[in-house]
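Enquirer: Here the sequence shown stands for residues 1 to 745, numbered as in UniProt numbering.
Be a bit skeptical, because a hint or two may be false.
Claimed, not checked - Label pairs and their calculated CB-CB ranges:
(1) 631 with 745: 19 to 25 Å
(2) 467 with 506: 16 to 22 Å
(3) 120 with 286: 21 to 27 Å
(4) 227 with 506: 53 to 59 Å
Just so you know, these hints were derived from the structure itself, not from any lab. Bear in mind that the values here come from a model prediction, so they are computed numbers and not experimental data. Every residue gets a Cβ at the ideal spot worked out from N, C-alpha and C, and that includes glycine.
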Amino acid sequence: MATLTPRQEELLANLDRLWQSHASPAPSSSTYSKTPLTLKNYYASRAPQPALASAAPLPPAIASFYDRAAACKAASSAVLEHTQASLDLLQEMEDRHASVVALTGALYESFETLLHELDELEAKLKAMETPLPYFTRITALAKVLGGHIDYSSGANNGQVHVRPYTFGTIDPTSSSFADAIRTIDECTAYLEQHMEFKDTAMYMGAYTQLLANASQCLKDYAVASLESAKDQVISANAKQAAHADVFDPMSNYYVQFHVAAPACQAITNHFQQRATAPGTELYLAEVLDAYVSQRVALLLPAISASLGTLDASSSDIVHVLRVGCQYLVRLCQAEHQLFQHMFGAPPTASIFLPMQLQDDDNDGDEEPDDDAFQRLVLQLCYPLYQCVRPRLIKEQDLEVLCESIEVLRSEIMEAQIRPRGSLFGEDKVARAAGVGVATEVLEAAIERMVGDAQERLILCTQKFIRDEIEGFQPSPADLQYPEKLQAPSVYATWYPTLEHTLMCLSKVYRYLNRHIFEELAQEAVCICTASLKMASADITGPCDGGLFLIKHLLTLRERITPFDIQFAVTEKSLDFTSTTDAMGNMLSDAFSLSLENSLLGLITHGIPHVNTTTSDVKKDLEHELKRSCTTFIEFALQTLGGPLTLLLRKATATKPSKLPPLPAVASVLHDFIQHLQVQAPPLQQAIHNYLMHASTEAILFQPIQNGLVASTEQLKALLEQQYALADRVDCDAQIQVALAFILQL
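Please take these sequences and the hints and turn them into a complete structure.
Expert: This is how it looks when you write it as structure tokens:
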């Protein structure tokens with residue numbers, strides 16, 4: 001076999017590897033061969049050895065095989081070359097594929113980097129573009145609001161100047177005006193969140209100034225609209241022959257003001273939706289003041305004219321109060337409805353609260369002013385107050401004054417004002433802050449009239465007590481007791497000062513404050529008790545005088561009980577006795593330098609003492625009643641037990657007690673029984689005529705009866721001590737008769 005070149009050896013080895021990898025395993029028939037079958041081995045074993053020069057020619061069959069082997073070798077060489085070319089192409093393709101993959105990856109990375117950079121640039125562009133409208137809009141917004149923006153350049157930064165608006169050039173009630181203000185709110189809110197921007201503070205100031213100009217514009221427009229509405233009302237009323245009805249919703253008083261409602265509603269909405277800019281806090285208050293002043297200027301003449309006609313047509317102050325207050329209730333309701341329509345919110349809305357209540361820094365040292373609607377109602381109520389007050393001041397009749405208070409409280413406040421609270425509107429926030437609703441506003445005006453009537457009632461009551469009780473001068477007919485007890489009416493049996501006292505207290509009890517009534521009642525009861533004591537002394541006869549006082553004191557005590565008031569009075573006074581003594585000592589030894597120096601005494605001991613005195617009128621009345629009953633009982637015992645009392649006084653005047661002889665004692669007992677039979681029935685009848693109450697009569701007569709029994713028993717005891725039983729039989733019998741008669745009284 002011919003020797004292969006190294007290149008051929010390499011190609012053959014590669015071809016053999018490819019063939020081994022794709023060839024199926026050969027059968028194991030030739031197990032005798034231990035040499036692996038390869039193309040090289042096969043070729044070496046099959047290829048004919050080169051013939052020696054001296055070799056003999058090959059047989060034909062072998063030559064043919066040799067030719068076929070040579071052809072196969074040539075084909076294998078071609079295949080080998082082709083395979084090598086294929087492998088080279090395959091390697092080239094792999095190298096190019098790796099290059100393409102590397103280039104594609106690099107391209108993808110480049111694309112991703114570019115896209116990321118593009119996103120960053122777009123974000124930066126967006127971040128740069130977002131704030132710009134909040135700065136660039138200011139010029140257009142200023143034009144809509146009637147102002148102008150000027151820009152100026154400085155050494156370091158530019159400046160934005162807001163020129164003030166010109167009144168009358170724009171309509172602040174338009175939608176574009178409201179949209180411009182809302183846009184300013186948006187710009188301001190955005191800039192507040194981005195204070196790191198270079199020009200934020202400058203533009204914030206500019207927007208604030210624009211809002212201030214807008215508030216000024218709204219305020220001026222609203223005030224001008226209100227003034228125009230007032231002028232229109234005056235002009236329209238001047239053309240009418242008859243005076244317009246103040247309560248008619250279609251009258252000029254209301255229709256013309258409806259035209260100004262959009263302007264007032266615009267400024268209300270403006271301040272409701274945003275915090276006020278510095279310097280604009282009082283703009284809404286100025287509009288409210290203008291509204292109140294315009295309404296008062298228009299309505300006061302009409303109200304005064306109507307109330308003046310009412311005052312001239314009636315002399316009854318109660319009728320004037322009743323009709324006038326009903327007039328005010330209707331007027332207040334109409335004004336409340338107009339106010340809510342004008343400003344788009346009830347008068348009790350929080351935006352209308354006085355500034356003192358809205359200021360968190362208010363320390364409470366100053367009381368808040370009344371809100372606008374309160375001031376309006378109070379001023380509209382003034383004509384009625386001015387009409388009624390002179391009459392109240394001149395009124396002296398307690399019944400008229402009490403009826404006036406009753407009408408104001410019951411018929412007006414309870415029946416008309418408070419039930420209409422739902423018509424006037426309620427506001428829980430305003431009520432928690434202590435601001436009165438419309439009903440309370442009108443109620444306050446009525447309470448002022450009630451206060452005046454009460455003041456007059458107090459003065460008239462004091463005058464009545466002074467004139468009709470303390471200064472009462474009885475006529476002989478007033479002291480005709482017991483004749484006056486026959487009168488058909490129980491009140492006619494009373495002494496006039498008692499009647500005056502109880503009548504006065506019963507009238508004013510429900511119409512005065514409790515503590516004031518207590519003071520008046522204490523004074524009246526005390527003076528009445530004194531007058532009854534004086535009258536008792538002036539009545540002829542101690543029996544009638546005593547029973548008169550008991551009767552009237554009992555009646556007075558009984559009739560003041562339902563008032564359920566405190567009759568105890570605590571008075572404090574200063575006692576300057578120690579001060580006077582210390583001053584005298586100081587003047588006497590003013591130049592002494594001893595430890596007993598009177599100047600030191602004045603400082604330490606010269607302070608006046610506070611003396612507290614407590615007096616109870618009701619207890620004093622009880623004491624006077626008890627004393628009058630005791631006095632009458634003593635008088636009755638003296639009257640009924642006359643002979644017996646004289647006998648006992650003489651017997652006990654000596655020590656030991658000594659009775660006269662038995663015949664004399666028997667004569668006294670006889671006279672005593674006859675005296676009782678004559679005097680006791682008239683006394684009992686007198687007690688009955690004055691008291692007219694069985695239990696009270698029994699309570700008063702029981703001590704008299706007990707006193708008579710005690711005197712009789714005392715005489716019996718003395719008889720038993722001084723005389724034998726056999727000697728005093730007649731006297732004992734008379735004593736039993738006397739006791740029996742006394743016990744059956």
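Enquirer: Within 53 to 59 Å or not, the Cβ separation of residue 227 and residue 506?
Expert: holds (56 Å)
Enquirer: Can you tell me whether the CB distance of residue 631 to residue 745 sits inside 19 to 25 Å?
Expert: This hint holds: roughly 20 Å between Cβ atoms.
Enquirer: Given a hint of 21 to 27 Å, does the C-beta separation of residue 120 and residue 286 actually sit inside it?
Expert: violated (54 Å)
Enquirer: Can you tell me whether the CB distance of residue 467 to residue 506 sits inside 16 to 22 Å?
Expert: holds (18 Å)
Of the numbered hints stated above, the single one contradicted by the structure is hint 3.
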